[in-house]
Amino acid sequence: MSDRPLAKAGLNSERVLWPERGPGVFEREVQEIEDALLLTTVEKAVAWAQTNAMWPDTFGLACCAIEMMSIVSSRYDIARFGMERFSSSPRQADLLIVSGRVTHKMAPPLRQVYDQMLEPKWVIAMGACASSGGMFNNYTILQGVDKIVPVDIHVPGCPPRPEALMEGIVRLHEKIRGGVPPAYAIRGVAE
Amino acid sequence: MVETRQSLDEVTLVVDPARLVEASAALRDDHGFNFLADIAGADYLGWAEQEVVGYIGTAAGRDLNDPGSRGLARIPDPKPKRFSVSYHLLRVADDPARVRVQVWLDDGESIASLIDVWPAADWFEREVWDMFGIGFEGHGNLVRILMPEDWEGFPLRKDYPLGGEPVRFSDED
Amino acid sequence: MSVLPSTRVYEGTRIPRPVPTILEVDPDKHRLEDILRVNFGPNHPSTHGVLRLVVDLDGETVAGIRAVIGYLHTGFEKNMEHKSWWKSVTYAPRMDYVAFHANELLYVLAIEKLLGLEVPRRAVWARMALAELNRIHSHLVWLGTSALELGAISLFWYCFDDRDQILDLFEMAGGTRMHTRYVQVGGIAEDLPPGFTEEARTFCETMPKSVDDYEAILDRNAIWLERTKGVGLLSADDALALAQSGPMLRASGVDWDLRRNMPYLAYDEVEFDVPVYPNGDVYDRYRVHMDEMRESVRILSQCLDKLDETDGEPWIADDRKVVLPPRHELHTSMESLIHHFKIVTEGFTVPEGEVYVAIESPRGEAGCYLVSDGGARPWRVKFRAPSFAALQATATIVQELLIADLIAAAGSLDPVMGDADR
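Chains as they are written, first to last, in my numbering: chain L, 1 to 191; chain Y, 1 to 173; chain E, 1 to 422.
Warning: the hint list may mix true and false statements.
Straight line, CA to CA, 20 Å or less: simulated SDA-like cross-link-like pairs of lysine to any residue [stated by the list, open to error]:
#: 1; chain 1: E; residue 1: 342; chain 2: E; residue 2: 89
#: 2; chain 1: Y; residue 1: 79; chain 2: E; residue 2: 374
#: 3; chain 1: E; residue 1: 209; chain 2: E; residue 2: 340
#: 4; chain 1: L; residue 1: 147; chain 2: L; residue 2: 186
#: 5; chain 1: E; residue 1: 87; chain 2: L; residue 2: 80
#: 6; chain 1: L; residue 1: 147; chain 2: Y; residue 2: 163
Here are the simulated distance ranges between beta carbons [to be verified]:
#: 7; chain 1: Y; residue 1: 94; chain 2: L; residue 2: 111; range: 26 to 34 Å
#: 8; chain 1: E; residue 1: 151; chain 2: Y; residue 2: 26; range: 29 to 37 Å
#: 9; chain 1: E; residue 1: 181; chain 2: Y; residue 2: 19; range: 43 to 51 Å
In short, the hints are calculated from the structure, not lab data.
It should be emphasised that the depicted structure is a prediction, and the values quoted were computed from it without experimental measurement.
For glycine and all other residues, C-beta sits at the position ideal for the given N, C-alpha and C.
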């Protein structure tokens with residue numbers, strides 16, 4: 001198989017399926033553009049598109065939800081990242097920000113919402129309670145949401161400042177642009 | 001009424017469980033306590049049994065599941081029975097007043113539901129049932145409210161462990 | 001100071017029987033084959049948190065409803081039994097996470113009542129100022145999210161912008177925006193920083209204008225009026241029977257406010273009015289919230305005057321058995337060192353007894369029933385959550401409403417699920 005970037009991205013075109021024939025007009029022109037720019041590959045372009053308008057899902061549970069709502073507000077504007085459209089339907093969401101403590105009663109709905117999201121999907125565990133159970137080490141709180149969903153970024157704080165959550169989101173963007181696959185591809189859930 | 005106690009400017013009326021509905025209706029109608037603020041259960045298992053004074057916990061650290069490791073300066077008086085259910089009432093009127101009605105129960109006993117006297121008792125009694133396992137007769141919908149419906153055990157009892165995960169390095173010498 | 005209801009919203013009682021919190025479908029009014037049971041699941045777009053409503057719909061009309069809670073039950077009460085008195089104060093604000101100072105204040109007042117500790121005047125005024133700021137904060141969050149649900153989306157940003165100013169004040173005083181853990185047994189943790197009263201006064205000047213702006217957006221808006229007038233009716237008798245308090249009760253015509261009728265802190269020394277409206281619908285609850293914001297600003301400016309007067313006075317009680325001594329004394333005084341050691345390792349002990357303290361949180365009567373066995377940890381802490389009681393009224397207020405009105409009515413109850421589930 002050819003090792004040109006388009007092939008790696010899954011494009012089955014003439015020059016991939018019929019290597020002896022040589023590239024067609026379209027591929028030759030794309031090749032020229034790629035050679036001229038020397039910067040962008042398709043994966044990088046895809047990653048750029050994914051991060052620039054990542055729609056979060058409204059999964060506000062407890063105190064962290066109030067700080068999550070305040071990043072939508074005008075002072076810590078999250079619309080500059082293209083993320084102000086919190087979608088209530090998990091089918092249209094890319095990012096699940098689990099903000100707040102997850103109880104055993106809430107864990108099945110959380111997993112159901114996560115399953116309904118379409119790949120690629122990322123999870124940010126916002127706050128101490130979502131990351132590890134927080135100050136509540138007891139019979140009813142799930143000790144870390146990464147026991148049931150694979151988590152990409154943990155944001156510490158109780159509750160984390162809006163700027164801290166922004167930092168978590170920006171680091172997630174950097175991870176994606178750096179080519180790190182989403183968490184479900186590289187790790188499972190914790191024991 | 002069985003007994004009246006007063007301390008810290010609060011009046012507590014200890015009532016025989018069999019006459020609870022009568023007493024509540026009398027308080028509501030004759031004395032004007034039209035607002036049921038709260039129904040609180042309490043478990044007194046292990047009350048005044050430990051007499052460790054000083055640093056709480058053991059040499060190896062604090063055992064979260066041990067309810068008795070507390071420092072007491074003097075042993076408090078024993079309680080009549082294991083569970084108490086306190087009804088906090090409020091009189092919303094020009095002469096406001098608060099009163100607490102307390103009943104004492106043992107494990108397995110149940111009391112009459114006050115849902116006909118104050119409809120607000122509904123969820124409060126469900127919560128006491130969920131957390132302590134104290135039954136309320138005549139309630140009509142006594143299912144778990146805070147825990148998942150199929151949960152076993154009554155979490156706020158003193159013999160129910162705190163649960164959670166053991167934290168590393170906290171029990172080792 | 002009359003507490004008698006002024007009008008009758010509807011005749012008789014609308015509380016469902018036999019179970020007051022479950023509205024069963026009435027077979028006389030709805031054909032049972034038409035009923036569709038819909039689940040407004042725990043994760044739904046309105047930002048009340050994890051409330052689940054199981055609704056029986058006949059077309060668009062709500063024929064039956066049942067509220068299921070418990071999705072945020074955190075076991076606060078059990079956790080607090082295992083922590084010392086000082087450490088358990090950190091648990092309290094995370095229950096009603098929108099009105100966090102109210103919860104902290106409530107718990108600390110209960111401990112101080114059992115201890116019999118007297119709090120210095122400056123701390124009382126500081127606590128009141130923060131409590132009123134918190135009330136404005138809670139009402140702004142309520143207004144922003146309720147308006148968002150009903151479609152007045154722009155109000156969300158306006159309210160949260162004002163809210164950020166309040167959180168700046170909290171950060172100035174307590175170090176962090178939310179859950180400041182600033183209220184301490186004996187007073188407040190640290191003195192208010194210099195410049196706090198000036199910043200707060202600037203806020204007091206801009207806030208009433210903001211409230212006027214919000215009213216200008218909503219009060220003459222025909223859509224808002226249509227969606228909130230006559231929706232979610234609750235009469236005064238039903239409200240009292242269902243243990244409603246706070247704005248729910250005052251919007252139903254009952255003139256009852258714990259700050260005025262059973263004052264705590266120094267509320268009997270400040271002047272404020274209590275808004276009461278007779279109609280018992282969502283519009284009146286909205287008006288109560290708006291007027292309360294203005295009254296809170298009034299109380300706040302009076303507290304700030306008193307704070308300026310008491311500048312330089314102690315902010316925490318002197319009782320060394322309960323309160324940490326100031327650090328500079330540890331170098332010179334042996335008793336202070338011993339007190340410091342005892343308080344930090346074992347924690348202070350609270351005399352045996354039981355107490356019930358209630359305050360007027362932004363949602364209504366928040367109460368704390370505290371039982372102590374004389375030791376270093378609480379024996380039993382029970383919080384009376386106003387949201388828990390408010391949600392019991394769901395079945396009563398949504399009778400024969402349409403789905404859209406259901407959202408408005410459920411929002412007007414102002415439930416915070418952390419509070420309801422504890």
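(request) Against the earlier hints, flag every one the structure doesn't satisfy and list their numbers going up. (result) Violated: hints 3, 5, 7, 8.
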